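Sequences and hints are given; from them, build the entire structure.
Chain order of the listed sequences is A and B. Using the working numbering, you'd call the opening residue of the first sequence number 1 and step up by one each time. Using the working numbering, you'd call the opening residue of the second sequence number 1 and step up by one each time.
None of these hints come from the bench; they were simulated from the model. A hint or two may mislead.
[Unchecked claim] With the C-beta cut set under 10 Å, the calculated list includes, among others, these residues of chain A facing chain B:
no., residue
1, Leu2
2, Ser8
3, Cys9
4, Lys11
5, Val12
6, Ala14
7, Glu18
8, Ala22
9, Gln32
10, Val33
11, Asn35
12, Arg41
13, Asp56
14, Ile58
15, Pro60
[Said to hold, decoys possible] Anything over 10 Å on all C-beta distances counts as not near chain A; from chain B, calculated:
no., residue
16, Phe15
17, Tyr47
18, Arg61
19, Tyr146
20, Glu244
Computed from a predicted model, the values in this text were never measured in an experiment. Glycine is no exception: its CB is placed at the ideal position from the N, C-alpha and C atoms.
Each chain, written out:
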Amino acid sequence: MLPVRCFSCGKVIASGYEEFKARVEAGEDKGQVLNDLGYSRYCCRRMLLSHIEMVDVIAPYQ
Amino acid sequence: MDIDIIELSKGSAKFVLSGTNPAFANGIRRAMIADVPTLAIEYVNLYDNTSVLYDEQLGLRLALVPLTTDGDYVPQSDCDCGAVDGVGCPNCEVSLRLDVEGPKMVYSGDFISADPKVRPADEKIPIVELKEGQRVMLEAIAHVGYGRDHVRWQAGVACGYKHLPTVEVEPCPECGNVLVECPEHAVFMARSIENLTEKDELKCIKCGNVRHIFDLTDPSLKVTYDQHTFVFSLESDGSYSASELILKAADVIKGRAQEFSDILKDL
Ligand SMILES: [Zn+2]
Ligand SMILES: [Zn+2]
Ligand SMILES: [Zn+2]
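Right, dumping it as structure tokens:
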């Protein structure tokens, strides 16, 4: 799960993750999507850009 | 002291504060980050958690969800009930319940709050993804606290200020040309002062690029900083609107000054 807030500045970023994921999968430019979501600082942008979703990997072993 | 608002929306603000000193500007900044009380989840009673997250991870995610805060609640340390071990009274705590069964994504909006005025400020924060047969059932207790104790209570995000830069451009006394380069386009590149298309001092990030192009003694461009004028920019995490946050920060400073003067009077 994506951290709820940015590590550096504390902005809530988790709420934009689903839109980010859907739009990037649809072929949109990542930088442009982040701009549209209002994540202007690079501390917040790296949170989404570098995230790897692990839920589906771990779920079978619960 | 004067305030000039450049941008004001629910979540963010940008304004120019003039006629004051750095100590006051920094006081406001720090008050917004650390001293404005907000509500956040501090205790969680877990009845069931078969999700992929450990109880502690789940607790952290819940704590970081900003809650809309109004002034009815007091910090436990100031409450008359004398809360012990985090168990307080209706004046100092709010309970939020969460009961979700998979397969489903659990959102902050799924909370059922005991007080309709206290809601997650953002309803679309994913808490945890539940697969078939997984369940989360818990009661979360929110308390009023301060940003200086933990991020969960930090209402101001990315609060900062800079001195107002003043950019003066004069053509070279020898050839009459002006050459300026700036990453923020505060001052566009121009061959002559008549062609200078824009001069926006608020945009200046003090990059100092001028220094690379010109030698320091070059008279064609001068960037100085007004020591008594500050360009503030800040965001709110959603527990208050940006303007409420600024006002509350000012109230905190006022309250402290009052307290100080009361102590002095009693001496
Ligand atoms: Zn950030
Ligand atoms: Zn109490
Ligand atoms: Zn010249």
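So, going through the hints one by one against the coordinates:
Against a cut-off of 10 Å between C-beta atoms, the interface hint on Leu2 (chain A) holds, since the closest Cβ of chain B lies about 7 Å away. For the restraint placing Ser8 (chain A) at the interface with chain B, the shortest Cβ-Cβ distance is roughly 9 Å, inside the 10 Å limit, so the hint holds. For Cys9 (chain A), the interface hint holds, the least distance from its beta-carbon to any beta-carbon of chain B being 4 Å, beneath 10 Å. This hint holds: Lys11 (chain A) has a C-beta 5 Å from the nearest C-beta of chain B, less than the 10 Å allowed.
Interface restraint check for Val12 (chain A): the shortest CB-CB distance to chain B comes to about 6 Å, inside 10 Å, so the restraint holds. Taken as an interface hint, Ala14 (chain A) checks out: its beta carbon lies about 5 Å from the nearest beta carbon of chain B, inside 10 Å. Hint on Glu18 (chain A) holds. Least Cβ distance to chain B is approximately 7 Å, under the 10 Å limit. Because the beta carbon of Ala22 (chain A) sits about 13 Å from the nearest beta carbon in chain B, more than 10 Å, this interface hint is broken.
The beta carbon of Gln32 (chain A) comes no nearer than 20 Å to any beta carbon in chain B, farther than 10 Å, and the hint placing it at the interface is violated. The closest approach between the C-beta of Val33 (chain A) and any C-beta of chain B is roughly 16 Å, which is over the 10 Å cut-off, so the hint fails. Using the Cβ-Cβ criterion of 10 Å, the hint placing Asn35 (chain A) at the interface with chain B is not satisfied: the shortest such distance is roughly 15 Å. A distance limit of 10 Å between C-beta atoms decides the matter here; for Arg41 (chain A) the minimum to chain B is near 7 Å, and the interface restraint holds.
Interface hint status for Asp56 (chain A): upheld, as the beta-carbon distance to the closest one in chain B is roughly 8 Å, under 10 Å. Taken as an interface hint, Ile58 (chain A) checks out: its beta carbon lies about 5 Å from the nearest beta carbon of chain B, inside 10 Å. Hint on Pro60 (chain A) holds. Least Cβ distance to chain B is approximately 9 Å, under the 10 Å limit. Listed as outside the interface, Phe15 (chain B) is consistent with that label: its C-beta sits roughly 18 Å from the nearest C-beta of chain A, beyond the 10 Å cut-off.
Against chain A, the non-interface label of Tyr47 (chain B) holds: every CB pair exceeds 10 Å, the least being about 17 Å. At the 10 Å boundary, the C-beta of Arg61 (chain B) falls inside the reach of chain A, the nearest C-beta of that chain being 5 Å off. Distance check on Tyr146 (chain B): its Cβ is at least 14 Å (rounded) from any Cβ of chain A, clearing the 10 Å threshold; non-interface status holds. The claim that Glu244 (chain B) is not at the interface with chain A holds, since no C-beta of that chain comes within 10 Å of its own (minimum 17 Å).
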